[in-house]
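Novice: Protein chains in written order, with the working numbering: chain A, 4 to 176; chain B, 115 to 489; chain C, 35 to 186.
Some clues are possibly wrong.
[Unchecked claim] Calculated pairs, DSSO-like style, for lysine-lysine (alpha carbon to alpha carbon, straight line, at most 27 Å):
no. : chain 1 : residue 1 : chain 2 : residue 2
1   : C       : Lys-124   : B       : Lys-179
2   : B       : Lys-178   : C       : Lys-177
3   : C       : Lys-151   : B       : Lys-364
4   : A       : Lys-132   : C       : Lys-174
5   : C       : Lys-111   : B       : Lys-416
6   : A       : Lys-62    : B       : Lys-289
7   : B       : Lys-444   : B       : Lys-179
For the record, the hints were derived by calculation from the structure and aren't laboratory data. Keep in mind it's a predicted model, so treat the numbers as computed, not measured.
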Amino acid sequence: MGLMNGLDKDNIIYKIPGGQIILGTAEWAINISRSNSLWTLTFGTACCAIEMMHTGATKFDWARFGLEVPAASPRRSDVMVIAGTIVEKMAPTVRMLYEQMAEPRYVMAMGSCAISGGPYLYDSYTIVKGVDKIIPVDIYIPGCPPRPESLLYGFMQLQKKIMQDKFLTGGRK
Amino acid sequence: METKMPIEIQSRDSDEYILNMGPQHPSTHGVLRLMLKMDGEVVKDVVPYLGYMHRGMEKMFENKKYEQIIPYTDRTDYLSVIPNNWVYCMAVEKLMGIQVPERAQYLRVIMAEINRIMSHLLWYASFGMDVGALTPIWYAFKEREELMSLMESASGARFLHNYFRFGGFKADIPKGFIDGVKKLLARIDDDVDEYEALLINNVILTNRTKGVAPISREKAIEYGLSGPSIRGSNTAIDVRKDEPYGVYPKFNFEIPVGKNGDTWDRCKVRMDEMRQSAAIIRQAIDALPAGDVMAKIPKIIKPAPGEVYTRVEGPRGDIGLYLVSDGTEKPYRIKMRKPSFSNISAIKELIVGYKVADVVAILGSLDVIIPEIDR
Amino acid sequence: MTFVELLDSIKSKFQITGSKEDLGILNVEIDKSKIRDLLKYLKTELKFDYMFFTSALDWPANNNIETIYYLYSYETKTKIVVRVKLDRSKPEIETVCDIYRTAEWHERETAEMFGIKYVNHPDLRPLLTPDGLEGYPLRKDFKHDNMVKMPE
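For reference, chain A alone in the conformation it holds in the complex (with noise of 0.2 Å):
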């Protein structure tokens, strides 16, 4: 059914005795692959970390959107979930594990302490004020801690950035 909906008017079906064929670019259904079996590289450090648990188990299943394997190692996952406060002391384990994330990789910054700081802006000596001062982010999930329901949307719009990806004519790596 995702399939089907993510057909646009460069995909042309066909109707052969014995079925049908879709006939479309190779970026499609390369996109709509790794879009629909993402793997994240949960790195949970506060609060957030407990709402993407959430996210994860009975109730609001992110499964459902092929986030299937929660892979805990960099080497082998494409989405990298930052949910909780950065400290200074933390800031350069960030940059290495993203470094260490093989191509196409992207990030997500879940929660306000992540996209700039939070509650902890004001009066803290070690805050770093927003994760896109150490590495580049696709996604902002604003809340404190954002409900699941918002981190499912962030991984849906995730996967409609993932379908306009044109990286065999140009664009993005």
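Chains B and C: place on chain A using the hints.
Specialist: Positioned in the frame of chain A, the structure of chains B and C alone reads:
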């Protein structure tokens, strides 16, 4: 500033090596870094590194007004939200001489015990995941989701409730809350029996945890342990019985203890605590009086100059708050005494001599939350 | 034990510089050279076997830093606070972590936050603050570029 590494390998010919369980690890419950000196699979020495979540909260509180600090107290330990709010509100109420009305006191007890059940359920899920059992997560989270909907109807937020205020609550509980609690009480005993039979009495877990890392009563008191970590060693210490607060003296409950002080006993104590919490909630619901839920407090919160130290029993142990006030709108000094800080300082005593697969089980049985150590 | 008994029992052995009762808890002030003997006496004779925490307070107006030790007895269910005043320009005191094991990490944290030097402590590396932080964060005159004050 160059600091010497505190772990060294004695000689080049031995089989020893240093293993780093880094800050990003699926089983260390947050950002804890352990440097293990190993000989084959046996651990010889351990040095923990902390500070990967240090946000400087105690310095931050000196520039905020008293009522602006309440949301920050839930974010130190995000699983025992209600006891953290309670210990702070109790400290300010003691300095200002505010009396909380009776109905609010009963409601505070009900919320605290529901929170204890939620925290122990999350411990159950993550402990199972650490030792390799992937089924308890689904059971525990299903239960937790229903409790979260209940608390959301009362406080407005799923789990960082920010619910208590100085003098009681801002608004009374909504209409369907008591029915929701009664539905929970009707099934909680059978559910806890099922969860215990699934993981704690499982033969694989008993073989992995019985006899592993025992600690005696004297050593535990010296290291400052509290909560289920010390109750596993046949020591009945609980703030609700030693120094009762609120309306706890009116309830009839026991303190579960373990016999040997090893990892399995610490796990069993937590399952029994869930049953005792259900007993307390049952008694509180039956005796809930009518009345208003908020005392009369002045518009500007300015406690009298002085110091106070209050204690509360959280799911992890004994939470304390030391407040020094100088008569202005902002506190002079706040010191938070958190149970995981003392619980994890005993780690060298517990881990040395066991295998690396036991390290994860022992850390899981201590139930530490790293952001509350670093504050 | 009541306060009067407790205070008399301590006064009979040691020379204290002050005492007061605050919201039901006895506070005893003593000079820094006698702190180890007093804590050993409290632990063995008067059965104060549990230490909640040890920390410090910064009083720039009086030019001193005050260290406090909060002790508790599980047998008699009483609390006591021991206070020691230190000179603000050069605060130094002996460690008590062999008497109470839990003081090892509490003293490490107090040392990096206030700049107190604990003599004979086994390991005084910084516990929580990042490497290369200059100054002592919980003193009242601490300044840092990253720390932006919240507007009213």
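Novice: Run the structure past the numbered hints and jot down the numbers of the failing ones, going up.
Specialist: Result: hints 1, 3 and 5 break, sorted rising.
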